[in-house]
Amino acid sequence: MSVRTAMVAVATERGDASDGLDHAFAAGVDGSLERLYRETSSLVFTLALRALGDRAEAEDVTQQTYVAAWRGRAGYDPERAPARAWVVGIARRTIADALAARGRERRRLEAVRDVPAAVEPDPWAGEAERIVVRSEVESLGPPRSTIVALAFFEGRTHEQIAAELKMPLGTVKSHLRRSLLALRHGLEAADAAL
Amino acid sequence: MQHCDDESLAAIALGEPLSAADGEHAATCERCASEVEALRATLTRAGLGAGVELVAPPARVWAGIEGEIAAEDDAPAGAVVPLTRARGRRERRVPGHTFRGWVVGAAAAVGVVIGGVGVALLGLGGDGSGGDTVVAQAALADLATEADAGTARVEQRADGTEVLVVDTVYDASADGALEVWLIDPDVIGMVSVGFLTGDHGEFEIPAGYDVASFPIVDISVEPADGDPTHSGDSITRGVLET
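Going down the list, the sequences are from chains Z and C.
The first sequence begins at 1 in my numbering and counts up one residue at a time.
The second sequence begins at 1 in my numbering and counts up one residue at a time.
Source of the hints: derived by calculation from the structure; they are not laboratory data.
Predicted, not measured: the structure shown is a model, and the values here were computed from it.
Wrong hints could be hidden among the right ones.
As the list claims (entries may be wrong) - Residues on chain Z that point at chain C, a partial pick, calculated with CB under 7 Å:
| # | residue |
| --- | --- |
| 1 | TRP70 |
| 2 | ARG130 |
| 3 | ILE131 |
| 4 | PHE153 |
| 5 | ARG156 |
C-beta: ideal position from N, C-alpha, C; glycine also.
All chains should be modelled from the sequences, with the hints used to inform the complete structure.
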């Protein structure tokens, strides 16, 4: 993702960046699935990997997610949600299906062995939230993703960030303001797609 | 009372108001205060991303996806954006910031035209006058309503020049002049051939442009703003077929 002109309002900037892809994807334009994959596959794969704890299964789920997204694109409405959020919704359902299938298999085995089924807590929801947030930060692109990581994750002061990145203090602050607005926009879209 | 703009709200949420007046306003204005509150919640939430490593899938995953969908891609695409949706997009467009969005909307619209209207109306035309040869023709569709909006055809004159002849319903009430364009199938390259001033217009196609490479006929509303590029506000479109 390239650094865009700072004077463009952030919501519009963000909206437009995904909008081109959203409409292209809905229209089935050549290359749009690949672009969507490039922009979101780390998020989807990480979600699957953390939920399933198994690389091969996570790869399967990732593949199924994008194939389902492409086949189901007629049901996708770019006016309602970014394709990015939509594909994450599909990923979550695919992951839930994989977990459910695993649960069925385990219960079948346990029934055979006459072992009481374990009650499973859901540590997964909080982890998924953390992954989605991280992905939103990454999608800000440099230098904003770096500035946000330094400020919000590592608690650096604006002055420290300015010194470290050799950037005027005002620029750092401006990036943080715009990043905050973009993150709100992106996270709201992610929530809406759940 | 003027509300704070987004950047002022973000500045307040980050603890550094851009001006004292902003801070005072947000302290007393319910609407701005709740926006600041939402941005502070985002700020807190953003902290959750700390320590998370995103893992990229191996290349074989994409290869698998491509393989799985390759077969069905041979079928014609049926899932294009409805024209009404493309229309909605244009109405919300931001001036000076529209080109990319328009391209995609247009690509979608062309898909619809090719898939539906264009094929259905293939038999039209063929009434080239004055001995000129009709080399291509298109049914035009109103992008808002998908209704029939006349025809366009390309006539080749005896001297070899090609002329785009447009017969459509001219609506002078549109907020701007109506400009006629030829656009390539990728909706990236385009050339203006002139302005439509009545129900019938004839436009010589500039040398070097041919309808095989620029088959999309597009009529746009162009505000009198001195900007020579396409406004993104297309009202009528069709695809020339030879």
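Structure-based check of each hint:
With a least beta-carbon distance of about 5 Å to chain C, the hint placing TRP70(Z) at the interface is held under the 7 Å criterion. The interface hint given for ARG130(Z) holds, since its Cβ lies 5 Å from the closest Cβ of chain C, which is under the 7 Å cut-off. For ILE131(Z), the interface hint holds, since its Cβ comes within 7 Å of a Cβ in chain C; the closest pair sits about 6 Å apart. The interface hint given for PHE153(Z) holds, since its Cβ lies 4 Å from the closest Cβ of chain C, which is under the 7 Å cut-off.
Annotation: interface hint on ARG156(Z) violated; nearest CB of chain C at approximately 12 Å, more than 7 Å.
Violated hints amount to a single one, hint 5; each of the other numbered hints is respected by the structure.
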